[in-house]
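K.L.:
Now for the letters of each chain:
There are 2 protein chains.
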Amino acid sequence: MNIGILGGGQLGLMMINEGRRLPFKFYVMDEREAPGCGIADKCFAPSDYKEIVDSSDVVTFEFEHVSEEALQYAQDEGKLLPSINSVELKRERYKEKEYYRDHGLPTPRFVVVRGGEDALRTLKDEFNNYGVIKQSRGGYDGKGQYFVKGDPSVASQVKDMNCTFVVEEFVDFDFEASVIGVRSRRGEFSAYPPTFNLNLKGILVYNYGPYGDPRMQEIVRKLADSLNYVGTIGVEFFVKGSSILINEFAPRVHNTGHYTLDGAMFSQFDQHVNAITGGDLLPTELTSPSGMLNLLGIEKVPITRTGKVYWYNKKEAKKRRKMGHVNVVGKDLEDVKGKIDILMKQIYDKGLDL
Amino acid sequence: MNIGILGGGQLGLMMINEGRRLPFKFYVMDEREAPGCGIADKCFAPSDYKEIVDSSDVVTFEFEHVSEEALQYAQDEGKLLPSINSVELKRERYKEKEYYRDHGLPTPRFVVVRGGEDALRTLKDEFNNYGVIKQSRGGYDGKGQYFVKGDPSVASQVKDMNCTFVVEEFVDFDFEASVIGVRSRRGEFSAYPPTFNLNLKGILVYNYGPYGDPRMQEIVRKLADSLNYVGTIGVEFFVKGSSILINEFAPRVHNTGHYTLDGAMFSQFDQHVNAITGGDLLPTELTSPSGMLNLLGIEKVPITRTGKVYWYNKKEAKKRRKMGHVNVVGKDLEDVKGKIDILMKQIYDKGLDL
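As given, the protein sequences belong to chains H and P, one line each in that order. The first sequence stops at residue 354 when you use full-length UniProt numbering, and every number in between is there. The second sequence stops at residue 354 when you use full-length UniProt numbering, and every number in between is there.
Looking at chain H on its own, in the form it has when it is part of the complex:
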C-alpha cells in the first residue's frame, strides 16, 4: 500500500521510520532537502501535488498548514485521512473555538472580533484586561498570540491590525497537559494517558507521563468522534484544580506524543499509519513512565546515555527550531523527571534561548 504524506518535516520522517516495519511505500510532498524526503520512497515537489495523490492509496499530512490545494485535491479524490473538516478548523482559530463551544467541549471563554481596536475594547470590557488576543489565522508555536495581563505595550502592536481575532480569558493554569488519541476507520477510539507539558514562550520544552486527570482522554474521544476523525490526534489542555479546558488540538501526530516511541509498544506514528490504512486499533498502554525533551536550536547531535536521541537532519539550526528530541523512560515518574532534569542541564547548560 502506498501512503502519501503532505509535508516532510520531522513528523513525516518519524512516521516513515516507524512505518517501515510493515510493507508500505511512503511518498512525501515537500522540498527535496526536507527530512522526510531524505528517506521517502519518492519525493514529490509541492507543485506535483496531483501526482502524489494519484500515486497513493491513502493520503495524510504531517502538518495542517500545508498547501490547501493539495489537501483539497486529496479530499476530493476520497483519499485524505484525517479528512479536511479537521484541517478547516485549524485554518481559523475562531472556527476551532466555536466548534468546541457548539459541541459542549470545555475551552476558555472567548469572543470573536474584527480588527485590533475591537479586540482591545473587548479585552477591556469582557475580560477586565486580563486575557489573550490571538490572531485567527496562521498562529502556531506561540506565533500570533498577544498575552495581555494589564500590559499596555501590547495595545500598540495590535491596534492597527485589521484581521479577525479571538479574545480569550487568560487561564492561570496549574499546568499544561495533552492527550494523544487515535481513532480507526471503524470509529474505535483509544488514547495514551495524559502527559505534563512544559511550554516556554509558546514552545514545548519537555513533557512526561502518565500525569493528570484521565477525564482528558474522554474529552479527546468526544472531539474525535464528533469529527469522525481517523488517525492520531493531539489535544492540549489547561489544567487548573479540577477544571480541564481544551487549549487547542492538532489533527496529526504531535510533539507531545514523541515519548511513545519508547514509552509504549506502539508509538503514535504506528497508530496513525495503522489507523489510516484501515487497521484495528493497536494498544495504547505505556510500557513504562516516560518523557521527552526537545532539542531546540541545538546545532550538534548531543551525546548522552540518559536518554535516546532522535535527530531530524534539518539543514540548519535556528533559534526555537526543533532539531531533534531525546526520549527517556524510567521506573516511575520521579525517575523520568530526574532524567529530564539531567538532560536539561547537559543540553541547555548555556541557557535556553527562545
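Among the hints, erroneous ones may be present.
Covered stretches of chain H, going by a simulated chain P footprint (3 or more residues, C-beta under 8 angstroms) [stated by the list, open to error]:
#, segment
1, 76-88
2, 256-270
3, 282-289
4, 296-305
FRET-style restraints, in silico, Cβ to Cβ [to be verified]:
#, chain 1, residue 1, chain 2, residue 2, range
5, P, Arg-101, H, Lys-315, 53 to 63 angstroms
6, P, Ile-303, H, Glu-285, 14 to 24 angstroms
7, P, Pro-283, H, Arg-321, 41 to 51 angstroms
8, H, Phe-175, P, Gly-241, 26 to 36 angstroms
9, P, Glu-334, H, Asn-85, 41 to 51 angstroms
10, P, Pro-283, H, Glu-98, 45 to 55 angstroms
11, P, Arg-101, H, Leu-198, 54 to 64 angstroms
12, P, Leu-352, H, Glu-98, 56 to 66 angstroms
Read the hints as simulated data drawn from the structure, not as lab findings. The beta carbon of each residue, even a glycine, is placed where N, CA and C say it ideally should be.
We have chain H already, so just place chain P on it with the hints.
P.N.:
Structure of chain P alone, referenced to chain H:
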C-alpha cells in the same frame, strides 16, 4: 558518517531502520531486490565491493557468509568492524571450536576429522555413536549437521563425503539459550540478559527473556574481549542443569536479539551502530520481559494485536524462510509466554512446516 553494510537481508534492514534516528548514511552491498537495499541511501552490487568500502567511513556486515573479497578489502582498508578475525572463525567450524577450547570457553567435547569414514569411526570410538557430525564449512540454520543417536541411516549420507568434520558429543540439554552482547571500540562490554530459545530442526521459532543463568553474560564478555570484538555479538548456549556450554557464536546482530526492538530502550541494532561508530555503550537493560516469534515461511503479513509485527519485504515466501517476526512484551515472563502461545496458535494454526 557513512556506514557500509555487507549484505542486505532483514538484519541489514533493521539495522538501517534503527539507525535512522541519527544522522548516518547507510550503504548496502547486495542485489537490488534485497530488503535492505529497498531503504538504503545507496545500494551497491556485490561486484562493486570496492566502491562501497571506499565510500564508507566504517564497514560492517549483517551476515558473516558474504563475499570474502569484500570483507577482506574492508579489513585491509582498516574499516571493517567487527574485524575479520571473528569471521574467520565462522568460516571453519573446527576453528571456532578450537578457539573455545584454547581460550577456556566451555563448549561440548569435540574431535576434528577429515572425511566421512573417519567421522563415523570417531563417532563410534569417542562418543559411543551418541553425537553430532557437523561439516566444518558452510553450515548455518541447521544445514550440514547430522545428528546421530544410534541412527544408522546417517552413515550412508556421510560416508563418502571428503571434507573436514567436527564430531561433537550430543548434549541432551534442558534448553537452549543465548546472550546478545556488545563491545565498544574502547573495550567496554555490556550484555542483555539471557533468553530461552526454542529451535526446531535447527531453526529458531521463538525466544523470550530474561531467562537463564547470568553467568552466560560473563562467558560472552570473555569471548568478545579475547577477540577484541567491536559491535553486537550473539552467542548460543546449551544449558543442562548448572552446566553452560557454548554452541556457537554469530559475529553480528542475531535473530534471538530482535526482541530488544521492543523490550529495551536501545535495541541490539542501536548498540551495533553505536559501537562501530565509536560511541560509548548504551544501556542494555530491558524495559520489560519480552520475546519474539519468527514468521517462518508465512506468505502474508499477519494481523494481530497480541504483538508487534515486523515484515522483511522478501520477494518470495519459502519453507523455513524468515519472512518477518512478531515481538511481544509483558508484565512478567508468564504474560510474555502466554502471548507467544497465542501467536503460535494464530500464526501456525495449520502447523509449522519446517
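K.L.:
Take the hints in turn and mark each one as holding or not.
P.N.:
Results for each hint:
1. Only residues whose C-beta sits within less than 8 angstroms of a C-beta in chain P count toward coverage, and the segment 76-88 of chain H has 0 of them, not enough to reach three; the restraint is violated.
2. Judged by the Cβ-Cβ criterion of 8 angstroms, the segment 256-270 of chain H is covered by chain P as claimed, because 4 of its residues qualify and three suffice.
3. Figure legend: the segment 282-289 of chain H, annotated as covered by chain P; annotation consistent (4 residues with Cβ-Cβ distances under 8 angstroms, at least 3 required).
4. Counting residues of the segment 296-305 of chain H whose C-beta lies closer than 8 angstroms to any C-beta of chain P gives 3; at least three are required, and the coverage claim holds.
5. Checked against the hint of 53 to 63 angstroms, the pair Arg-101/P and Lys-315/H passes, with Cβ atoms roughly 55 angstroms apart.
6. At roughly 19 angstroms, the beta carbons of Ile-303/P and Glu-285/H sit within the given window of 14 to 24 angstroms.
7. Range check, Pro-283/P to Arg-321/H: Cβ separation about 29 angstroms, and the 41 to 51 angstroms hint is violated.
8. The hint said 26 to 36 angstroms for the Cβ distance between Phe-175/H and Gly-241/P, and at roughly 56 angstroms that hint is violated.
9. With their beta carbons about 46 angstroms apart, Glu-334/P and Asn-85/H fall inside the hinted range of 41 to 51 angstroms.
10. Remark: the range hint 45 to 55 angstroms for Pro-283/P to Glu-98/H is upheld by a beta-carbon distance near 49 angstroms.
11. The hint said 54 to 64 angstroms for the Cβ distance between Arg-101/P and Leu-198/H, and at roughly 58 angstroms that hint holds.
12. At about 58 angstroms, the beta-carbon gap between Leu-352/P and Glu-98/H stays in the expected band of 56 to 66 angstroms.
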